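Now for the letters of each chain:
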Amino acid sequence: MTELAVDIQHLVKDFRVPLRGAKPFRAVNDVSLQIQAGEVYGLIGPNGSGKSTTMKALLGLVAPSSGTCSIFGKDSLKVDSRNDVGFLPENPYFYKHLTGAETLRFYGKLCNLRGKTLEDRVTELLDLVGLQNARERIGLAQALVQDPRLLILDEPTAGVDPIGSRQIRDLILQLRDRGKTVFLCSHLLEQVQEVCDHVGIIFQGKMVREGKLEDLIAVENQTELILQDASAELVKEIQTLIQRDGAAQLVRSGKPRTTLERLFLQETQGDQS
Amino acid sequence: MGKQQSNRWLQPRRVSVIAMNTFTQLVRMKVFYFLMIFSVIAVVAQFLDLPQYNGVEAVYTGELQILKDWCMGVMKLFALVFAIAATALLLPKDVEDRTLYTILAKPVPRLDYLVGKLTGVLLLIFVSLLLMNVMMTVVLGYRAGALLDEQVQMAVSRGWNEPAIASMRAEIQAQGVTWSLQAGVFAIFLQACIVGAVSMLLSTFSTSTLFTIMVSFMTYLAGSFQADAAEFYRVYAKPGNTTLTSVLMKGVALIFPNYQLFNITDAAMQGQVIPLAAVMDLTGLTAFYVVLYTLLSWFVFSDKEF
Numbered sequence: 001m002t003e004l005a006v007d008i009q010h011l012v013k014d015f016r017v018p019l020r021g022a023k024p025f026r027a028v029n030d031v032s033l034q035i036q037a038g039e040v041y042g043l044i045g046p047n048g049s050g051k052s053t054t055m056k057a058l059l060g061l062v063a064p065s066s067g068t069c070s071i072f073g074k075d076s077l078k079v080d081s082r083n084d085v086g087f088l089p090e091n092p093y094f095y096k097h098l099t100g101a102e103t104l105r106f107y108g109k110l111c112n113l114r115g116k117t118l119e120d121r122v123t124e125l126l127d128l129v130g131l132q133n134a135r136e137r138i139g140l141a142q143a144l145v146q147d148p149r150l151l152i153l154d155e156p157t158a159g160v161d162p163i164g165s166r167q168i169r170d171l172i173l174q175l176r177d178r179g180k181t182v183f184l185c186s187h188l189l190e191q192v193q194e195v196c197d198h199v200g201i202i203f204q205g206k207m208v209r210e211g212k213l214e215d216l217i218a219v220e221n222q223t224e225l226i227l228q229d230a231s232a233e234l235v236k237e238i239q240t241l242i243q244r245d246g247a248a249q250l251v252r253s254g255k256p257r258t259t260l261e262r263l264f265l266q267e268t269q270g271d272q273s
Numbered sequence: 274m275g276k277q278q279s280n281r282w283l284q285p286r287r288v289s290v291i292a293m294n295t296f297t298q299l300v301r302m303k304v305f306y307f308l309m310i311f312s313v314i315a316v317v318a319q320f321l322d323l324p325q326y327n328g329v330e331a332v333y334t335g336e337l338q339i340l341k342d343w344c345m346g347v348m349k350l351f352a353l354v355f356a357i358a359a360t361a362l363l364l365p366k367d368v369e370d371r372t373l374y375t376i377l378a379k380p381v382p383r384l385d386y387l388v389g390k391l392t393g394v395l396l397l398i399f400v401s402l403l404l405m406n407v408m409m410t411v412v413l414g415y416r417a418g419a420l421l422d423e424q425v426q427m428a429v430s431r432g433w434n435e436p437a438i439a440s441m442r443a444e445i446q447a448q449g450v451t452w453s454l455q456a457g458v459f460a461i462f463l464q465a466c467i468v469g470a471v472s473m474l475l476s477t478f479s480t481s482t483l484f485t486i487m488v489s490f491m492t493y494l495a496g497s498f499q500a501d502a503a504e505f506y507r508v509y510a511k512p513g514n515t516t517l518t519s520v521l522m523k524g525v526a527l528i529f530p531n532y533q534l535f536n537i538t539d540a541a542m543q544g545q546v547i548p549l550a551a552v553m554d555l556t557g558l559t560a561f562y563v564v565l566y567t568l569l570s571w572f573v574f575s576d577k578e579f
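Heads up: the sequence lines are chains A and B, in that order.
So in my numbering, spot 59 of the first sequence is number 59, and the numbers just go up one at a time.
Add 273 to a position in the second sequence, counting from 1, and you land on the number used in my numbering.
Because the hints were derived from the structure by calculation, they are not lab data.
Only pairs whose alpha carbons sit at most 30 Å apart, straight line, appear in this in silico DSS-like list of lysine-lysine:
1) A/78 - B/577
2) A/206 - B/577
3) B/303 - A/96
4) A/78 - B/366
5) A/116 - A/96
6) B/577 - A/96
7) B/303 - B/349
Not the full set, but computed from the structure, chain B residues with beta-carbon under 8 Å of chain A:
8) 287
9) 290
10) 294
11) 297
12) 301
13) 371
14) 375
15) 376
16) 377
17) 578
Stretch by stretch, here's where chain B covers chain A in the computed footprint (C-beta under 8 Å, at least three residues):
18) 54-61
19) 80-89
20) 98-110
21) 135-147
It should be emphasised that the depicted structure is a prediction, and the values quoted were computed from it without experimental measurement.
Beta carbons: idealized from backbone N, C-alpha and C, even for Gly.
Could you build all of it, start to finish, from the sequences and the hints given here?
Here's what the structure looks like:
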């Protein structure tokens with residue numbers, strides 16, 4: 001059985017509203033999700049839907065009002081759970097008084113790396129992420145500094161140019177190939193579609209759809225037949241059979257799939273109307 | 274890679290990493306410009322046109338007193354302002370820049386983060402005071418030596434007897450570089466430790482840096498006058514209110530440290546001898562308050578959400 005990298009069960013997070021008598025604001029409402037080790041999981045949703053709060057709860061930066069979060073079986077509120085996590089926040093800033101390499105050394109030392117091991121790791125990461133002092137790339141490198149098994153990325157490509165954005169996408173795929181688990185949220189749905197195995201759509205604090213990407217983007221009322229080496233006669237015969245059925249009709253050949261973007265808009269804007 | 278590390282609280286290496294980073298951050302914020310100003314003051318004071326000594330009857334130690342007043346005053350001001358401002362700024366800045374997210378997302382207990390930050394600020398104050406103290410000691414030692422030679426020559430030329438010269442020599446030496454003066458500088462550092470810890474406590478729940486700085490100064494003032502206030506209430510309290518007043522004053526005394534105890538600095542500046550026991554008592558008191566305020570800071574900070 002595959003190990004669970006992330007296990008969030010019935011997470012609820014309420015924030016107090018500083019007005020007398022006002023009801024607390026529920027940012028996350030009974031969200032559950034599981035990420036298997038080695039998967040790339042994308043959490044998508046509009047601004048204010050609860051994506052970042054879910055990530056922060058997983059990192060112990062906010063305490064759940066109810067529900068539980070764990071990383072590789074360890075309670076997220078315990079410091080030990082963060083041994084195996086690297087986190088890149090949205091639009092990160094780092095200490096201005098440190099260079100890129102010094103920043104990595106600082107974070108490496110916090111993770112108990114020392115001496116040659118640390119220096120080798122810093123060099124390796126600078127090569128891996130192709131640092132050109134861009135904040136996001138330093139951010140990604142610091143997230144990877146202790147070689148964590150789980151990487152949590154909050155809008156990793158926000159404010160990054162298209163080339164940098166593609167490099168980050170390639171890096172995520174490279175990390176997946178190395179067996180890392182990646183949990184990311186992004187507004188760039190095409191990128192999510194390109195890199196994620198599983199996707200969750202969160203809207204107004206609730207998980208509205210979740211599952212394998214391939215399943216989610218499949219059109220439910222259509223059937224796809226992929227034939228190999230089919231003769232023209234066979235294809236014609238199939239089309240005749242379809243016409244004879246009366247109820248079924250051939251829409252088109254190819255891959256009858258929607259896009260993740262359409263699915264996302266359907267799930268989120270559909271509820272608003 | 275680094276996965277088997279212990280995540281127990283107050284791991285010295287981890288605290289020192291945060292402390293050294295804070296120290297470097299403050300140094301690179303050009304804090305040492307203040308030290309350059311201090312150096313200029315100390316050097317300029319060396320060349321000041323100080324009172325002429327027309328006779329041994331004059332207050333020959335006056336120039337040493339002025340020099341010490343300047344230097345110790347600047348040291349005290351630096352330590353106080355820096356302990357409050359730097360500590361009040363560091364936490365909100367880390368939250369604002371989201372640097373705190375990336376630090377706390379690593380296996381770093383929140384207590385280690387707080388202790389590291391405070392240690393970094395106090396380390397910088399310690400190093401700064403040390404440098405200022407070295408400069409003051411060099412200049413004061415040189416001036417005291419020159420004054421001593423001058424006064425002894427003058428006394429000899431006027432035919433003073435040996436006991437009178439020895440008395441004068443002792444008096445000048447008491448106003449020069451002494452261990453008590455070093456104890457006075459150390460007391461400035463100890464006071465800065467408490468002030469910094471108070472400031473850190475306030476910054477853990479304050480939403481405004483300005484509020485933290487202002488309230489920190491107010492607690493400093495409250496601590497500076499609480500002994501006088503306690504004495505006032507003791508003398509003038511109505512008989513029926515004495516128990517309540519006593520409890521109240523004890524509560525205030527616990528919350529606000531009595532900064533008047535740190536006035537050994539003034540005594541040291543006046544050339545008085547500071548007993549080692551007094552320094553030890555003050556060190557113990559400082560340790561108590563720093564630990565108390567750090568634990569309170571941790572209590573607030575451990576439940577803080579970002």
